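Engineer: Residue numbers (this note's numbering), protein chains in the order written: chain P, 1107 to 1604; chain Z, 89 to 269; chain A, 6 to 334.
Please keep in mind that the hints were generated in silico from the structure rather than gathered at the bench.
Hints are not guaranteed to be accurate.
[Claimed, not checked] In silico lysine-lysine, DSS-like type, Cα no more than 30 Å apart, as pairs:
id	chain 1	residue 1	chain 2	residue 2
1	P	Lys-1486	P	Lys-1395
2	P	Lys-1327	Z	Lys-184
3	P	Lys-1388	Z	Lys-184
4	P	Lys-1391	P	Lys-1348
5	A	Lys-280	A	Lys-295
6	P	Lys-1330	Z	Lys-172
7	P	Lys-1486	Z	Lys-184
8	P	Lys-1330	P	Lys-1388
9	P	Lys-1205	P	Lys-1388
10	Z	Lys-172	P	Lys-1391
11	P	Lys-1486	P	Lys-1330
12	P	Lys-1395	P	Lys-1327
13	A	Lys-132	A	Lys-280
14	P	Lys-1348	Z	Lys-184
15	P	Lys-1204	P	Lys-1395
16	P	Lys-1486	P	Lys-1327
17	P	Lys-1204	P	Lys-1348
18	Z	Lys-172	P	Lys-1395
All values reported here derive from a predicted model rather than from experimental measurement.
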Amino acid sequence: MELLDGFQAALSPENLLYAVIGAILGTLIGVLPGIGPTAGIAVLIPLTTVVPPAGAIIMMAAIYYGAMYGGSTTAIVANIPGEATSVITALDGYELAKKGRAGPALAVAAISSFVAGSISLVGLSVFAPALARWALEFGPPEYFALLMVAFSLVITLSGRTLLKGVASAALGMLVALIGVDAYSGGTRLTFGIDAVSAGLNYVAIIIGLFAVGEVLFNVEKDVKRIYEMAVTRWLPTRHDLKESAAPALRSSVTGFFLGLLPGCTPVVSTMIAYDVERRVSKRGKNFGKGEIAGVAAAEGANNAAVSGGFVPLFALGIPSGATMAVLLGAFMIYGIQPGPRMFTEHPDILWALIASMYIGNVVLLILNLPLVGIWARLAKIPFPALAGLIVVFSIIGAYSVRNSMFDVWVMLIFGVVGYLMRKLEIPLAPLVLAAVLAQLVESSLRQSLATSHGAYTIFFTRPISAVLMIAAIVLIVRGVWVYVRNPERKSAVLEDVD
Amino acid sequence: MSVDDQAETVPDDSAEPRNVIARRTADIAAGAGLAVIGTLVLSQAVRSRPGLSERLDPRTVPVFLSAALVVCGLGLIVAALRYKGAGGVLDWPTAKGWRRVGLATAAFVAYAQVLVGFGMAVATAVFVAGVEWALDRGSILRAVAWGLASGVAGSLVFVALLDVQLPAGPVDNLIASLVGG
Amino acid sequence: MRLIRGLAVLLIGSALLTACASTDSGADGGDGAISSSNWPAEPITYLIGFAPGGGNDRLARLQQPILQELLGQNVNIEYMEGAGGAVGWKAIADASADGYMITVSSLPQNIVQPLLPDALYTADDIKTVAIVQGSALGLVVPPDSPYTSLDELLAAARANPGTLTIGGTGSFTASNLLTLRLQELTDTSFEYVSFEGGSAQITAFLGGQVDAIVTDAGDFAAYKDEGTMLAISSEDSYFYYPDVPTFTEQGVELVQYTERGLGVAADTPDEIVAKLEEAVLAAANDESVKAAIEEQAGLTFTLGADDAAERIAEETAIYTPLVEEALEQ
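In isolation and in its complexed conformation, chain P is listed as follows (with noise of 0.2 Å):
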């Protein structure tokens, strides 16, 4: 058994200890908006050259799970999405948060995700090679009808919103096509601002939008606490747990299914198993404002969509997106071609690797479930002294994705924008999603166009597209027809209920 000499390996002191580093630093590296994974990885290559290949790679996987860990926990905590994939879990789980349940939110995050890694890991070990060939089928008609499915979802979450969710989205889409357009050599949409001409960052967006805009909000109304209700308990109940169990085993498979496709961000599989879970689970209808069962869904799939992530990567040498290419990038400099040789030529590392990642994965869990009550015991803090920490957080956060002070007065100029935003109540999530996905839906369309000669007919002629696109067409227009129908019924994902 190849993987239990994985194992083995894994479980020497030596690696095991990389494993411990590699999730502590991932998770600090998480919790600070704006340092994501990628950058944290790169910023330890240097590591590279004194630590051993085994060590080193156990270590950057590591560091990669506890990155989108530590993200999920300031998402909670105080609405800071640290990564795109962590603003759906702030959905539930920070209005868990405001009801003096960050405890459970955390617990049943961690547990998720050591759920949808488990899973995972069964899923990398076993049918790698073979699923990475039929991820191929999807070409970019694919993609893009998969991105209207994703799409959609805005469509139905929004409910009584659905103009504004839908505007809220335009906005972000048109936010994110600022700058020069990388196909036609041109700008666009910079309205003569040379400064603008290198784009926004949507990392400087979601820190604004978010953090910012959320104290500008308490500010205004003169808080002295975020949180309506002191901590109760800072873990589950067993009724937490069973109303997690579901949605947590459910949104890892769908999570690993859309992980495993090189073109699908985290984001999408994220997107798509929330709302999977939110037509599926009986409380569904809750979801959003501060369903257990949200966070577990959003957790589980963000982590198995990682795993699925690594399917690609190892069996044809694909990078599914930045943090892997970084990781590509690393496995390249200790000479090791990731594709399809790397099982024959690099077993021995490859599999301490799969093994590293289901340890790394028990790390957390065990690191992160006694820190639960620490970052819980965030809630206590009154307001005004926390403020001041969430802006200094955003700032630098906004600062070192490229080290220039132009995304700092961008994340501000966003924080007044959240601000107005949800005064008027209009819905920041699909402004964000819409963001990170707008470069990959106009190209997976211009390349789908391309290789049809021009005809959008191409989206219905392929199968699967053709499936994806008439599923994506009947949830929007079942949307619109409620929303015509009623425009002011209540009880959607993305309002505001209060």
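Please arrange chains Z and A on chain P, whose structure you already have, making use of the hints.
Structural biologist: Same frame as chain P, now just chains Z and A:
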């Protein structure tokens, strides 16, 4: 109904009076705002350079999206006019609330501005202490202590440990050298 | 235990060095005067205009330890991605010409990007100190393709103009330019499908989404068993693909390389340029660097500033009319 259309101040159990406006009013304003933004963006979008022999003109997606923005804005106005009554109310800042938001925004900008000159530790200490005191109006001593702690911790974590390439001042170097020593 | 301590020392040590580094650069250069004689007096920022893990990043990481040793200063790699690298190069163009900000300069991008409307920088903004690495481009079809030679592919393209798709990476990039030149030279026309980068292109290729790709010889190295390279754009046969005929050998006068080197702001004092040139050429001559480049199917060059300028001039003469013509359409 016409009463609902106007902003009104209702008493609340908190110390400060709550200010609300009719959702209809807010939605009409938001719709108009979105439509205006959409029109502005549309005017920019059509002006971009046409593409090469690409199948997808670089103007197509921006034009589609800004048009969607205009449609959503106008749709919002129409929907708001059709609300039965005012469509409920939404919270709106009082004059005091606006002032607080304005001051806070100014403070954020000022902090970002002086961060470059003063370095992480000093700027953060002053800013965090100031915000704490302004929002809490409690003990000045507590505010200062909190500010100092944040400044040192911030410098330690961001500048010394995570080596964020932030502008560092003399105090940051001192802290970094203490850690290193 | 020794390991933890070692790692901690390492982490803190590197953190400390960069913290000191940022102090000095953060001092905002009030002293103004650039002193080139004692350069480098502070750490150097190696700016990469792409996401970590790409070709430019890999080259920078190979050079980094050697540059640090030879220059006696830390060289910190930073990333500023956007607009196909143009955002990073613009930052170099805007940087003060004191030699403390260097970048990987790339051809043909640094020639072609300034030719485009709305260019973020001009060709005169960046000085190429040296050219050290390069590769040729290959025209590749899937293993099950009906076309087994360049002639067959071209004949099919001629018979049904615009129906065959060629996948490349971006507009006005090396692969796009090669496709444009191929069409012009052979009087054919293909549908060019532009992907975001090498891995998106390879993904589409492996999935059979396009009829052929024009790919960087280095990018394709890991996949050389996954497709048939019909022609390569090098002058003579390419060491990594010895059996693949060149375009020239098949009657198409098409020779094209991509090259990478070291770039700085144009007004950097000669003294500093000379020191950098010496260091980067020494790094290029390092056996382990050479071996690492060749392992990834790359060519090694040791062109200094003058030779690099000559090479740039030659390529500018080829690309300028090509781009202008494409823009007119």
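Engineer: For each hint, tell me whether it holds in the structure or not.
Structural biologist: The hints, checked one at a time:
1. P:Lys-1486 / P:Lys-1395: Within the cut-off at roughly 22 Å; holds.
2. P:Lys-1327 / Z:Lys-184: holds (9 Å)
3. P:Lys-1388 / Z:Lys-184: violated (44 Å)
4. P:Lys-1391 / P:Lys-1348: The given pair, whose Cα atoms are some 18 Å apart, holds under the 30 Å limit.
5. A:Lys-280 / A:Lys-295: holds (21 Å)
6. P:Lys-1330 / Z:Lys-172: This hinted pair is violated, its Cα atoms lying about 36 Å apart.
7. P:Lys-1486 / Z:Lys-184: holds (26 Å)
8. P:Lys-1330 / P:Lys-1388: violated (36 Å)
9. P:Lys-1205 / P:Lys-1388: It holds: about 21 Å lies between the C-alpha atoms, which stays within 30 Å.
10. Z:Lys-172 / P:Lys-1391: holds (25 Å)
11. P:Lys-1486 / P:Lys-1330: Answer holds: P:Lys-1486 to P:Lys-1330 is near 11 Å, not above 30 Å.
12. P:Lys-1395 / P:Lys-1327: Between P:Lys-1395 and P:Lys-1327 the Cα gap is close to 21 Å, so the pair holds against 30 Å.
13. A:Lys-132 / A:Lys-280: Holds. A:Lys-132 to A:Lys-280 sits at ~14 Å (cutoff 30 Å).
14. P:Lys-1348 / Z:Lys-184: violated (46 Å)
15. P:Lys-1204 / P:Lys-1395: holds (10 Å)
16. P:Lys-1486 / P:Lys-1327: holds (19 Å)
17. P:Lys-1204 / P:Lys-1348: It holds: about 22 Å lies between the C-alpha atoms, which stays within 30 Å.
18. Z:Lys-172 / P:Lys-1395: Measuring from Cα to Cα gives roughly 26 Å; hence the hint holds.
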